[in-house]
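Take the given structure of chain U and dock chain G to it, following the hints.
2 protein chains.
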Amino acid sequence: MTIPRIPVRQSSTANRDKMNSMVRLGVVGLGNMGSGHVAQMSKVQRCELTAVCDIDEAKLAKYPQFKQFGDSREMIRSGDIDAVLIAVPHYDHTTIAIDAFENGVHVLTEKPVAVHKADAQRMIDAHAKTNLVFGAMFNQRTDPHYQEIRRVVRSGELGEIQRTNWIITNWFRTATYYASGGWRATWRGEGGGVLLNQCPHNLDLFQWICGMPSRVRAYCGWGKYHDIEVEDEVTAYLEYPNGATGVFVTTTGEAPGTNRLEIVGDRGKLVYEDGKILFTRTNQSVREVLETSPESFASVPTSVTEIEVDGYGGQHVEMVQNFVDAILDGKPLLAPAPEGIHSVELANAMLFSAWTDRTIDIPLDAAAYEAALKEHIATSRYEKKAVVAAEVDLSKSWA
Amino acid sequence: MTIPRIPVRQSSTANRDKMNSMVRLGVVGLGNMGSGHVAQMSKVQRCELTAVCDIDEAKLAKYPQFKQFGDSREMIRSGDIDAVLIAVPHYDHTTIAIDAFENGVHVLTEKPVAVHKADAQRMIDAHAKTNLVFGAMFNQRTDPHYQEIRRVVRSGELGEIQRTNWIITNWFRTATYYASGGWRATWRGEGGGVLLNQCPHNLDLFQWICGMPSRVRAYCGWGKYHDIEVEDEVTAYLEYPNGATGVFVTTTGEAPGTNRLEIVGDRGKLVYEDGKILFTRTNQSVREVLETSPESFASVPTSVTEIEVDGYGGQHVEMVQNFVDAILDGKPLLAPAPEGIHSVELANAMLFSAWTDRTIDIPLDAAAYEAALKEHIATSRYEKKAVVAAEVDLSKSWA
Chain U
1 MTIPRIPVRQ
11 SSTANRDKMN
21 SMVRLGVVGL
31 GNMGSGHVAQ
41 MSKVQRCELT
51 AVCDIDEAKL
61 AKYPQFKQFG
71 DSREMIRSGD
81 IDAVLIAVPH
91 YDHTTIAIDA
101 FENGVHVLTE
111 KPVAVHKADA
121 QRMIDAHAKT
131 NLVFGAMFNQ
141 RTDPHYQEIR
151 RVVRSGELGE
161 IQRTNWIITN
171 WFRTATYYAS
181 GGWRATWRGE
191 GGGVLLNQCP
201 HNLDLFQWIC
211 GMPSRVRAYC
221 GWGKYHDIEV
231 EDEVTAYLEY
241 PNGATGVFVT
251 TTGEAPGTNR
261 LEIVGDRGKL
271 VYEDGKILFT
281 RTNQSVREVL
291 ETSPESFASV
301 PTSVTEIEVD
311 GYGGQHVEMV
321 QNFVDAILDG
331 KPLLAPAPEG
341 IHSVELANAM
351 LFSAWTDRTI
361 DIPLDAAAYE
371 AALKEHIATS
381 RYEKKAVVAA
391 EVDLSKSWA
Chain G
1 MTIPRIPVRQ
11 SSTANRDKMN
21 SMVRLGVVGL
31 GNMGSGHVAQ
41 MSKVQRCELT
51 AVCDIDEAKL
61 AKYPQFKQFG
71 DSREMIRSGD
81 IDAVLIAVPH
91 YDHTTIAIDA
101 FENGVHVLTE
111 KPVAVHKADA
121 QRMIDAHAKT
131 NLVFGAMFNQ
141 RTDPHYQEIR
151 RVVRSGELGE
161 IQRTNWIITN
171 WFRTATYYAS
181 GGWRATWRGE
191 GGGVLLNQCP
201 HNLDLFQWIC
211 GMPSRVRAYC
221 GWGKYHDIEV
231 EDEVTAYLEY
241 PNGATGVFVT
251 TTGEAPGTNR
261 LEIVGDRGKL
271 VYEDGKILFT
281 RTNQSVREVL
291 ETSPESFASV
301 PTSVTEIEVD
311 GYGGQHVEMV
321 QNFVDAILDG
331 KPLLAPAPEG
341 IHSVELANAM
351 LFSAWTDRTI
361 DIPLDAAAYE
371 AALKEHIATS
381 RYEKKAVVAA
391 EVDLSKSWA
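Taken in order, these protein sequences are the chains called U and G.
Following the UniProt record's numbering, the numbering of the first sequence begins with 1 at its first residue and continues without gaps.
Following the UniProt record's numbering, the numbering of the second sequence begins with 1 at its first residue and continues without gaps.
This is chain U alone, in the form it adopts within the complex (with noise of 0.2 Å):
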C-alpha cells in the first residue's frame, strides 16, 4: 500500500517556513462528524484550524474564528490551507479529494473513503500522482484492543486462521436517525444502508485484522426495521484465499446489539466480547492432534488468558494527529486511506450479493457495481415521508 513520503507542496509555495512546523487544516462539511472534529482539533499538536466550509451558512455561522467558506473548491485554492478534513457526505469524498490532491493539498477523508470501489481507485489513481499524505478516519484502528488482536493474528501466535465470525449489531438507530438529512440512507444520497455508514470501520477493522476475503455471499434485509430502501441488516458469508470461512452479521435494528469478533485458528481461538480479549492457546497444533492422535475422540489441552489493554485509544484525536505528523515528519500512517478500498470492496460485494442472489468474487468488477448502483438509484422509488432537523443533522450539509 502507500509508504508515506514526506510531502511536497505542489500547487502553492506560500507558507513555506510555517508548514514545515505546522499544518493548516481545513474542514470541509460541519455536521454531526465535522463540528465534533473542529470542537477537538485544539487538542492536535501542531495543527491549526483555519478554515471550514459547508454549504450552510448557519453552520458557518457558529464559527467566526475561521476562515468560511461555501465551496470547496474555493477553500482548497485559497492558499489558506495545507491540508483538508473532509466530512461531507459520502459521494463527494470522492470528488473534494480528487480536487484537492490536483491543488496539492494533503487529504483526510472520514469513512468510507467512497461509496464504491471505482470511486475510491479513482481517488488513489489521482493521490499516485502527488507525494501527498492521504489519510483515512478509521479511528478505530487507535484502540488497543483492536491493535492487539491484530498483533496476535498477524504474528501467527494463533496458527493459520480457520474461521472468523464478527456479530457487529450494536447499531442501534431510530426512525428519527434516518429522517434526519434526504440523503441519508438512500442510494441516491449515501449509496448504501449500514455497510456504507456505520460498518466501514468494522469492515476495516476486520481485513486488516485477518485480511480480505476471496468471495462473499450477503443476505440483506431492506429497511426491514426503518422506513429506508437500503439495507439495515446484513448476514454475510465469507471464504479466504486459504479456506477458511467466516460470517459477518450487523443491523442497526437491534439493541443493546452484541459486538462479538470470534478468530480462530490452527493454535487456538481468541473472542473479543463485551470489552474483553479472552486468547484460548491450545498447547500444540490442532491439525497435528487432528491428523496424529490414536483417539477418536481427542481434546486438545488449552489454556485461557486474558490480553489486558488499556482504554480504548486515541480515536479521533489520535488520528488528526498521526495525519499531521505525518506530513511534517513522514511518520507513517495508522490508515493510509488507499487501504480504505478494502472496506468499501467489501460493503459492495455484500450489496452486490444480496441484489444478484449470488457468491461475489474479490477482487469486485468495480465498473458492474458501480453500473449496478447507477440503476438502483435510477429506478428508486423511494421517497422520505419527512425530513426532522435533529441536533445531529446532516441534512442540509453537502446534501
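What the hints contain is simulated information worked out from the structure, not anything from laboratory work.
Be aware that one or more of the hints could be misleading.
As the list makes no split between identical chains, a pair holds if one copy fits it or if it spans any two.
Claimed, not checked - Under the rule of at most 25 Å between Cα atoms (straight-line distance), these lysine to any residue pairs were calculated in the SDA-like manner: (1) Lys62 with Glu295; (2) Lys129 with Ala298; (3) Lys224 with Ser214; (4) Lys224 with Thr292; (5) Lys374 with Lys384.
Just chain G now, with coordinates in the frame of chain U:
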C-alpha cells in the same frame, strides 16, 4: 405432533400383566452408543433389558446375560421384547423402526431419526397406524440450560425473535475417528457428516427452541479437515417465517471449539456460552423505541440476569426412563420421534443448498432430496484408505 397414547400391544398378548409394570427392552446395535446404553440400563426404573442384537458375534459375546440376536427382525418377532432401542447406523433406523411398528413393538431411536426426510416420513407414517410409543434419543432436551432457554423464548419474555446465531464447533474429531468404520462419513454409509452425526442434537434443539426456518442457505466444506467425502464444516444462513434471520456454524475440525447460542428478540437477548445463560432484558420494546424515540442515537436501558440452572439433566438415562414411563403410564414424551423429522429436514436442506448452490425453501422437497442423495451415493468415488479398529469402533455393527 404425536400425542403419546396408552399403548396397545398388537402382535402379542404374552406377558401382558408383566408389561403393565415393566417394559422388556431390546437394544439393537452394540457399537459406541448401544453399548453405552446397555451399561446404564440398570439405572432405568421399570425397564428390563432382555435382549441385545448385533451382526457382530464378538460384540454379542460380551453380553451372555441377555438373549442374543444376530438379526433385528428375529428379536422384534421373538416375543422377548416390548420395545426396541435402535442404535445402529442411521440408514437402518428406518427399516428397523418400521419393522418394529408392524410387529407391535415400541421404538426409541437414536438420532438422527433418519438420514433423510422421506425416510423419516416413512417411519412417521408406519407409526401413525399404531398406538405404539415412538421416542427419539434427543437427550440434550433433558439439559435444563436448553429447557430454560426454550421457556424464555416460548413464553414471550424475549419478545418476538429477530435473530438467532448458533456457533457449535466443539465437535472435534480426529482422523482416527473417521477411520473407525467403513460406513462412517460416507454418503452410502451415513448419508452425511457433521450434520447427520454430531449436529442432530443441535438442529433439534434449535428448532425446539426457535421454531423452523422457512429458507436455508448453506456452505459446506467437504472433507475440509479430514479425508472424508462428506461435510466436516458448515456455515448456514436461516430465515424464519416472521422474517427473523439466523446463522448456524459447525465443524469437526476445530479445537477447543465454541458452543455459543445467541437469540435476539424485541425485548433483549439471550446468550448461552460456557455453560452460562445470560439474559439481557430491555426495559421496553426495542421496536417501540426505534419507532417513537425523538433521539437519533437512542439507547435502550437493559438489565442483565444470569439464569442459573443445576447440572446438565438426566441425559440418556432420563430419556429411556421417559420412554418407559410413556409406555407404562402414557406420560408425554420429552422427544416424540416424529418431531425428529425437523432436524433431519434442516440437515438435508443445508446439504441440498450446498450441493445446488442455492437457497432452499422449507418444507424441503423430500423426494428431490432423496434422489440427490442417491445420486451422490451412485457417483461416489471415495474409498476409505484404512479402517482402524478403535475401542469406540462401530464399524462392524450394522455396517
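| field | Numbered hints the structure breaks, given as an ascending list | value | 2
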